[in-house]
Amino acid sequence: MKNYFLKRTFLIIPTLIGISLITFFIIHLSPGDPVSLNQGGMLSSKMSIEDIERIRKIYGLDKPIYIQYINWLKRIVTLDFGNSFQDGRPVIERIKERLPVTLTLNIISMIIIYTISIFIGLMQAKYYNSKFDKISSIILFILYSLPGFWVALLLIMFFGVKLNLFPIYGITSDNFSSLTFWEKIIDIIKHITLPIIVMVYGEIAYLSRFVRNTTLEVLKEEYILTARAKGLSENKVLFKHAFRNALIPIVTLLSSTLPALIGGSVIIESTFSLPGIGLLYYESILSRDYPVIMGLSFITAFLTLIGLVLGDFLYKLVDPRISFEGKKI
Amino acid sequence: MRNIIKFILKRPLLLFSVSYLVFLTFISIFVPFIANEKPIIWKTKDGKIYTLFSKKEYDPKNTTFKIIPIIKYSPNTYNLNEILKPPSKKHLFGTDDRGRDVFTRILYGARVSMFVGFVAVFISIIIGTTLGAISGYYGGKVDFIILRLIEIMMTFPTIFLILSIIAFVGPSILNIMLVIGFTGWSSIARLIRGEVLKIKTYEFITAAKALGFSDKRIIFFHILPNTLTIILVYSTFAIAGAILAESTLSFLGLGVQPPTPSWGAMLNTGKNYIIEAPWLIIFPGLFIFLTVTSYNIIGDTLQEVLNPKKL
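In the order they appear, the protein sequences are chains A and B. Under our numbering, think of the first position of the first sequence as 1, with each following residue one higher. Under our numbering, think of the first position of the second sequence as 330, with each following residue one higher.
A portion of the hints provided could be inaccurate.
[Said to hold, decoys possible] Within a straight-line C-alpha distance of at most 30 angstroms, the following computed DSSO-like cross-link-like pairs (lysine-lysine) qualify: (1) B:Lys527 / A:Lys220; (2) B:Lys600 / A:Lys184; (3) A:Lys7 / B:Lys529; (4) B:Lys418 / B:Lys372; (5) A:Lys74 / B:Lys470; (6) B:Lys470 / A:Lys316; (7) B:Lys419 / A:Lys162; (8) B:Lys418 / B:Lys600; (9) A:Lys131 / B:Lys339; (10) A:Lys2 / B:Lys470; (11) B:Lys418 / A:Lys162; (12) B:Lys470 / A:Lys7; (13) B:Lys339 / A:Lys126; (14) B:Lys527 / A:Lys7; (15) A:Lys2 / B:Lys527; (16) B:Lys335 / A:Lys131; (17) B:Lys335 / A:Lys134; (18) B:Lys339 / A:Lys134; (19) A:Lys190 / B:Lys600; (20) A:Lys134 / A:Lys220; (21) A:Lys220 / B:Lys339; (22) A:Lys162 / B:Lys377; (23) B:Lys367 / B:Lys390; (24) B:Lys527 / A:Lys316; (25) B:Lys372 / B:Lys384; (26) A:Lys162 / B:Lys600.
Source of the hints: derived by calculation from the structure; they are not laboratory data.
I would like the entire structure built from these sequences, with the hints used as guidance.
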């Protein structure tokens, strides 16, 4: 058991190196570098060739690519992600200042997603094959297939522009600093309502279907039959006996959402102009900000891997029957 | 065959999805004959016959005989007198910021979506099944390395990876298909690996080995045909995913480049006219949605009927 987790944790290292290697070579071998790039790059196009060479030297871009990679790797061991090409500030600092927006959005939407979908899923399982089950399943299926960016545009069009109920971009209004505390809260809530709707509807569709199906699976077990034979009420059977066992796969699903928590969504953040991690990534790609791209990919990959190991661990924690002995890693 | 038709007819949603996709496939193949400003075939006064593929300009005054397409617009011809016109009899879905007919562009956009979807999924299936089969069949060190590779691919946040590659190699239909294909193979590889691990213990494989067949022959002719149902179910969902990925990329401006009509790129233009021209957003999005849903519904039904492992 212990061995299994030690091995899993240890194997994170080669995977991380693999990921950083691929990312590094993709961004460095492709045409156009941050110095010679005019559009949106950090420097204007009015530079002499000597200037360009000088700047390439400062950033170490003149060395062979494998040396650049080794240098990057050396710094990463000391958790130094380097400085952004865009404004010269440390990458970590840039990520830190974008983190609150993404974290707020994600934590709120996670809470909404899990409460609503567990509720819907359980209800569907309770009234299995009823009209409610069938109709809600179809609605959820349709929601699942709705492309997020389209929904975002439709919401902006309808609630933002036509009804003028919600602001359509940014996280705060222009006069934010002059507002009182409660007004500030309301202002932020107004700004994040539409993005949160876009973030949750698809996940709710997916997760409630998942909850419904796992609960239905559990309801077929013999101990449920026993519980019913004991004369327990249907609600007790469902919530106490079935749901607790259905929670097992749901818990592991939670761990896989860890990277998404800070990953942010490029599409939602860029459509609503929210200054979060997703938008930072998108901007960095467009301006070829190598250190920021590398830093963000590395951190998200690391969290994903940790999430996978954590998932196994939680699995074991909530269900002691599971054994990893002899399981292939 | 009759049973399949009966099965479909009993399910209205499935019936809709199948007919919609058949219609869309038909459109994407024959769209130049359906929507074009040139006649399909015409005869000039000097008796020469031209078709819409000939380079000759069409001149209505110099024509004695012609067969015109149902829709008389081309996807990329500007008409500056008809800018941002709302839907009407003349333009079913209105016109865009360059006066192009939105309906025509949507029909041509179907081509891009279907093509990207099919090719990208084809690429990931080829890579995924090969690696998955090798990994499951040989086990040991090969399995270990391929599993690491799968883990690397699964750990990448796909949209970030696709975005970075496209931003660096430059957006074009070919690159988009390649990138979506090359980043999407990990889940099918895992499924196939699991299935191969199971199948290789069956007796007919032992028999094949006893007959002295080569590993290649056993993998490709004895094991992989038994995984076809999994591949079929996977590809239906994967095509939906690939179409969504393409339109997302094009929506972000990193996908199919103008003037090539693509649903995502049309939405990208549309978001600049959110107040003046809502039809530029409603219709292309509707088609993305219908296409993705249809593939998902078919995939869901296939999964239910064939009941391979849950994806």
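Each hint, compared with the structure:
no.	hint	verdict
1	B:Lys527 / A:Lys220	holds, 26 angstroms
2	B:Lys600 / A:Lys184	holds, 29 angstroms
3	A:Lys7 / B:Lys529	holds, 27 angstroms
4	B:Lys418 / B:Lys372	holds, 29 angstroms
5	A:Lys74 / B:Lys470	holds, 29 angstroms
6	B:Lys470 / A:Lys316	holds, 27 angstroms
7	B:Lys419 / A:Lys162	holds, 27 angstroms
8	B:Lys418 / B:Lys600	holds, 24 angstroms
9	A:Lys131 / B:Lys339	holds, 18 angstroms
10	A:Lys2 / B:Lys470	holds, 23 angstroms
11	B:Lys418 / A:Lys162	holds, 25 angstroms
12	B:Lys470 / A:Lys7	holds, 16 angstroms
13	B:Lys339 / A:Lys126	holds, 26 angstroms
14	B:Lys527 / A:Lys7	holds, 25 angstroms
15	A:Lys2 / B:Lys527	holds, 28 angstroms
16	B:Lys335 / A:Lys131	holds, 24 angstroms
17	B:Lys335 / A:Lys134	holds, 21 angstroms
18	B:Lys339 / A:Lys134	holds, 16 angstroms
19	A:Lys190 / B:Lys600	holds, 21 angstroms
20	A:Lys134 / A:Lys220	holds, 20 angstroms
21	A:Lys220 / B:Lys339	holds, 28 angstroms
22	A:Lys162 / B:Lys377	violated, 55 angstroms
23	B:Lys367 / B:Lys390	holds, 13 angstroms
24	B:Lys527 / A:Lys316	holds, 25 angstroms
25	B:Lys372 / B:Lys384	holds, 14 angstroms
26	A:Lys162 / B:Lys600	holds, 14 angstroms
Figure legend: structure checked against the earlier numbered hints; the only hint not met is number 22.
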